Each structure stands twice: as C-alpha cells, then as structure tokens.
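Engineer: If you want the building blocks of each chain, they are given just below.
Protein chains: 2
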Amino acid sequence: MPLPSFQPYAGARVLVTGGLGFIGSHLSQKLVVELGADVTIIDSLIPEYGGNPYNIREIADAVHVNYSDIRDPWSIRYLVKGQDFIFNLAGQVSHIDSMRDPETDLDINCRSQLSLLEACRENNPETQIVFAASRQQYGRPQFVPVTEEHPLVPVDVNGINLVAGERYHLLYDEVYGIRAASLRLTNTYGPHLLMKHDRQGFITTFIRLALEGEPIRVFGDGSQLRDFTYVSDAVDAFLAAGVTEAVYGQALNVGGIEPVSLLGVAELCQELAGAGGTVEMVPWPPDRAKIDIGSIYVEHARLTELTGWEPQVGLREGLTETFAFYRRHGDHYWSE
Amino acid sequence: MPLPSFQPYAGARVLVTGGLGFIGSHLSQKLVVELGADVTIIDSLIPEYGGNPYNIREIADAVHVNYSDIRDPWSIRYLVKGQDFIFNLAGQVSHIDSMRDPETDLDINCRSQLSLLEACRENNPETQIVFAASRQQYGRPQFVPVTEEHPLVPVDVNGINLVAGERYHLLYDEVYGIRAASLRLTNTYGPHLLMKHDRQGFITTFIRLALEGEPIRVFGDGSQLRDFTYVSDAVDAFLAAGVTEAVYGQALNVGGIEPVSLLGVAELCQELAGAGGTVEMVPWPPDRAKIDIGSIYVEHARLTELTGWEPQVGLREGLTETFAFYRRHGDHYWSE
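Quick note, the sequences are listed as chains G and P, same order. Using my numbering, you'd call the opening residue of the first sequence number 1 and step up by one each time. Using my numbering, you'd call the opening residue of the second sequence number 1 and step up by one each time.
Calculated from the structure, these hints are not laboratory results. Errors might be hidden in some of the hints.
[Said to hold, decoys possible] Just a few of them, taken from the derived set where beta-carbon distance is under 8 angstroms, the chain P residues facing chain G: (1) ASN161; (2) TYR168; (3) LYS290.
On a predicted model such as this, the values are computed, not experimentally measured, just so you know. For glycine and all other residues, C-beta sits at the position ideal for the given N, C-alpha and C.
Whenever a hint applies, use it, and build me the whole structure from the sequences.
Structural biologist: As structure tokens, then:
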C-alpha cells in the first residue's frame with residue numbers, strides 16, 4: 001500500500017510546534033518546499049533543547065517563525081486560529097533532565113499540551129492535531145516487539161508526563177471532537193539532531209562521539225536491541241497520519257526496519273564516521289541502570305495498515321547521510 | 001487472615017494531606033484516638049473541595065493542623081521532615097471540575113505530588129507514603145471486576161492526572177527507594193462527605209437528595225453496577241497498607257462487598273433517608289454521557305492477600321450510619 005496523497009497540505013495552514021527542532025524542522029521543510037503548505041513554526045529556543053535556527057536555513061524566508069514558549073497559555077490561543085493542521089512536536093525530551101527537574105518536564109509536557117488543546121477547543125475545534133509521543137511511555141518491555149496494547153508503565157518522569165500529554169490529546173478527540181492522533185516515536189536520528197550535550201538519547205551521543213573520534217561507551221554487554229527511524233521516515237509518518245482520518249483518536253507506534261544491538265550501532269557509527277574512535281563496554285552507571293529498560297523495539301503494523309507508511313531508510317544509509325551532514329554543517333551544532 | 005497490627009502507629013509521626021477532608025479526617029481521628037499517633041494535617045480548605053474543620057471537631061486539640069496548599073512547593077519541604085508515615089489524600093476529586101478547569105486539576109493532582117515527592121527525596125527519604133488514587137484511572141472497563149492489570153485508559157482529565165500522580169509515587173519508590181504505595185479507591189461514602197455541591201460523585205448527590213426528600217435522577221435505566229466502600233473500611237485499607245512492607249511499590253484496588261446497581265442504591269437511599277423522595281429514570285445529559293463508563297466494580301483480592309484487609313460494612317449499614325450522621329450534623333455540611 002502506498003502512502004496517502006499529501007495533496008491536502010497544498011495551500012493548507014500548518015502549525016508546527018517545536019518547528020526549529022530536529023524532526024519539526026525537517027517536517028516544516030517538506031511541507032513548505034515539496035507540499036506547498038503555509039507553515040507557522042512555534043519555538044522557544046530554550047538553550048538546552050533541540051531548537052536551532054540553522055535547521056530552517058533553507059526555508060527561513062518561506063515560513064513564519066513565532067518565537068514563543070508553549071508554556072505561555074495566551075499566545076497559543078491566538079496562534080492556533082485558522083490552522084488546518086497542527087503538528088505538535090514541542091516538548092522536553094531528555095529522560096535524564098526529567099528526573100533532575102521533574103516540574104519543568106511537567107510544565108512543558110503536560111501543562112502546555114492542555115493549554116494547546118484548550119486553545120483549540122475555544123478557537124479552532126476544526127483543526128487536526130498530530131502529537132509526538134514516545135515509546136518511552138511503555139517502560140520496561142513485557143514483550144517485544146511492543147504493540148500499542150502493551151501496558152504503559154513508564155520508568156521515568158518524562159515517560160509518565162508523555163502518557164498524560166498523549167491521553168489529553170485522545171481525550172479531546174473523544175469528548176470534544178477535536179481530531180487528534182499520537183505517534184509514539186522510537187529512536188529517531190538524522191541531520192539536525194542536537195549535538196551540544198548528551199542528555200537527549202544515546203544515538204545522539206554515539207553520533208557525536210564517533211564524529212569526534214572519541215570512544216563510545218556501551219553499557220553492559222551492548223546486546224540490548226533498539227530500533228531506529230531515520231528522520232525522513234518520521235516526517236512521512238507525521239504527514240501520512242495527518243491526512244488519514246482513521247488515525248485520529250489513536251496512538252500508533254512508529255518503528256524502524258529492524259532492531260539492532262547497541263553494540264552493533266556503536267560499531268556502525270565508528271565505522272561510518274571513520275574518525276578512528278573505538279567502542280568500549282563499561283558497567284552500568286547507577287543512575288542510568290535505575291531507568292534502563294533492556295531490549296525494546298516496537299511493532300508499527302497498525303500504522304502501516306492504516307496509512308501505508310513503512311520505514312524506507314536503513315540504518316547504514318541513514319547514518320551515512322547523518323555523518324555527511326555534520327561533517328559539512330557541524331560547526332552550527334557543536335555550540336550555540 | 002486478620003488485619004496487620006496497627007501498633008507501628010503508636011507514637012509515630014504521621015502526616016495526612018487533605019486531613020480535613022472526608023477520608024483524611026476519619027483516618028486522622030483513628031490514628032489519634034485509637035492508635036496514639038502524632039498527627040499533622042495539611043489542608044487548604046479550598047471552598048469547593050471537601051475540607052471542613054468540623055470534620056475534626058473531636059480531635060481538634062489533639063492534632064496539628066497546618067493550613068496550606070499542597071501546590072506551595074516550599075512549605076511542604078519543611079512539613080515532610082521527620083514524618084514516619086505520609087497519607088497523601090489531598091487532591092482535586094471532581095471529574096466534572098477537571099474537564100472545566102483542567103489546568104487546576106493538573107496543578108493539584110500532578111505538580112503537587114511531584115513537589116511532595118521531591119520534598120521527601122531531599123528531606124525525608126526514610127518516610128513511607130500511601131497515596132489515594134481512584135478506579136477512575138481505568139476508564140471504561142474492558143472487563144469486570146477490574147483488576148490492577150486492567151489497562152489505564154481514563155476518560156477524563158482527572159483520571160489522566162491521577163494516573164500520572166500515582167506513577168510518580170511508584171517511580172520514586174523504584175528509583176529513589178522512597179517507600180510509596182497507591183490505593184485505587186472506588187465510591188467511598190460515609191459521614192463527612194461534602195454536601196454543598198454535586199460535583200464530587202453520584203453517591204454524595206444521592207445521599208443529599210434523599211435527605212432533602214428530593215427526587216434522585218438516575219441516568220439511563222440505572223442498571224449500571226458500582227461498588228461502594230464505607231469510610232471506616234477505606235481508613236483500615238490505608239492503615240493496613242501503611243504497615244505492610246509488601247504493599248510498597250504497588251498500586252492496589254480497594255473495593256466493596258458486592259456491586260449494586262445505580263437504581264438499587266438510589267432506592268436504598270430513599271428508603272433509609274425516609275424523607276419521601278422518589279427515584280426517576282432520565283436520559284443521559286450529553287456532557288455526562290461523554291464521560292460515562294458503564295458498569296464498573298473492582299477486584300481487591302490482591303490487597304486482601306497482602307494485608308488481610310476486607311470490607312466489613314455493607315451498603316445498608318453504612319448508609320444508615322451516614323444518614324444518622326447528617327440528620328444530627330447536617331447544618332455543618334449544607335453550607336460553609
């Protein structure tokens with residue numbers, strides 16, 4: 001089954017929260033350049049988060065950028081007006097940070113989502129929202145591949161708050177008829193990933209260390225399996241979900257082509273980066289061991305069934321693109 | 001299996017959040033009068049909520065009452081110090097209010113819980129916490145009786161936020177070793193229930209209308225089953241959980257003796273109140289139908305297995321006590 005037609009985005013008004021971030025910027029670019037949408041980006045550029053003006057360097061003159069924090073409950077009421085689609089990607093995504101500062105995570109991942117949904121209820125109940133959630137919500141897997149029926153028992157504050165943020169969306173869909181869907185993303189990677197610190201997921205760290213020729217430390221024996229989605233595939237998942245009526249009201253997994261061990265991906269990074277770095281196996285640091293979840297990868301058959309979406313880019317190909325990007329543009333990502 | 005010994009509460013320092021409320025006041029009274037605990041109550045007396053100084057009329061001189069809002073992140077840091085047990089019952093419990101003002105529900109049921117847990121992590125990691133959760137967290141039952149394994153798919157904002165509040169407790173137990181447990185309460189009733197408005201559950205409304213000799217309206221055909229816990233049984237569940245090491249880290253249902261239909265409980269209320277009111281069956285109001293969940297009652301076998309707790313007070317006996325209380329003390333509950 002092919003992807004649905006993206007024709008509905010031509011001339012549509014589209015709001016992308018977190019649009020200066022990793023996935024949001026690629027999504028905005030495709031919407032503007034390939035699909036002819038009228039895109040407004042909301043981003044607060046919180047220094048520790050993934051927003052980076054350089055991410056929209058090719059479309060800066062073709063999008064409206066509204067610099068604001070989604071925690072501000074007033075501006076969002078105006079900004080949602082008249083938007084045909086809202087891709088809601090703004091969020092605090094560091095699991096580590098969520099344990100260090102749980103209240104900020106709550107504000108961004110719960111309070112702001114309620115603000116946005118209340119704003120839509122008041123000012124734009126006809127809009128259609130696709131929310132970026134995470135497989136982090138499942139916690140320690142009771143079985144793999146993890147399907148959407150897997151219990152949600154998150155093992156960090158970020159996962160708990162994402163569960164609430166996702167449920168708000170589905171509740172507003174059910175009770176108020178505001179069409180909303182949620183995509184549970186796994187390890188998504190590619191150009192535009194934040195590189196300035198190590199708190200947004202191991203794949204970011206692996207890529208950075210490989211590029212720097214530094215050793216990659218794999219916790220334990222590195223046999224834990226993970227799945228990976230290249231960012232162009234993630235973008236297509238959002239676009240496909242947005243135009244598929246049957247997706248609204250649901251939360252769906254977005255996975256990868258096949259799971260790979262942490263040791264395997266570390267070695268692949270070092271090979272493709274070609275900077276001479278090594279892979280070391282080290283014991284688990286206590287604070288990470290506490291929130292480790294073992295092998296986990298997801299089943300995305302339901303999204304495929306409903307939209308035709310399937311991941312197209314393999315890990316080797318995606319990482320090759322990623323390293324090529326950072327070799328050329330890295331100076332915009334290693335510091336502010 | 002009998003209940004565990006409550007001897008550990010003798011001389012113990014016990015904090016009860018929401019201690020001027022319905023269950024909190026009965027719990028505080030038993031702790032002080034029967035068990036010899038040193039009890040501190042936190043309550044903010046928010047007018048629309050269940051706190052009422054009259055609820056502790058018999059122990060007012062024997063407890064410390066700290067009038068404060070659990071949303072205040074500073075006072076709680078001091079108040080948790082040195083407490084051996086924390087019964088964490090403060091919360092926004094109206095499902096209707098949570099839909100009207102979701103952000104206040106979030107502040108009280110999520111942000112405050114994080115504040116309290118962070119306060120314990122910093123200032124009293126040795127304490128033991130029992131949190132008051134709700135069967136509302138399950139949403140529409142996929143099977144009855146509902147066990148703790150039932151998926152958590154709440155159908156209102158209050159349920160979503162309670163899921164998060166409960167998970168924070170279990171997370172802090174798991175990651176930080178702060179012993180915490182959660183009790184998922186069903187329809188709990190008895191003396192001290194708030195009577196001044198109709199937004200805190202149908203049993204409150206039924207009792208009030210029956211006492212006033214007004215008709216009780218049952219939505220639909222009234223065949224939906226519910227379970228009921230008399231407040232003294234709920235108090236014993238908290239006390240039993242608090243002294244049972246195996247309960248910590250878990251979320252457990254607290255149910256009733258047997259489920260009763262809404263029509264049945266409405267008729268029983270009118271009979272026992274003896275004020276001449278009738279029962280009328282009316283169609284579902286649209287805003288309630290949207291969040292209706294059909295028949296639901298819970299399985300509490302796990303709590304029984306771990307602690308010996310079982311409900312002792314039947315619905316007829318409990319309601320008889322309740323009506324006797326309000327006939328004598330009602331003027332303290334019908335207005336401020």
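Engineer: Against each hint, give a clear statement of whether it holds in the structure.
Structural biologist: Hints versus structure:
1. ASN161: 7 angstroms, holds
2. TYR168: The hint holds - TYR168/P has a Cβ within 8 angstroms of chain G, the shortest such distance being about 6 angstroms.
3. LYS290: At about 5 angstroms, which falls below the 8 angstroms cut-off, the nearest Cβ of chain G leaves the hint on LYS290/P intact, so it holds.
Hint compliance for this structure: every hint is met.
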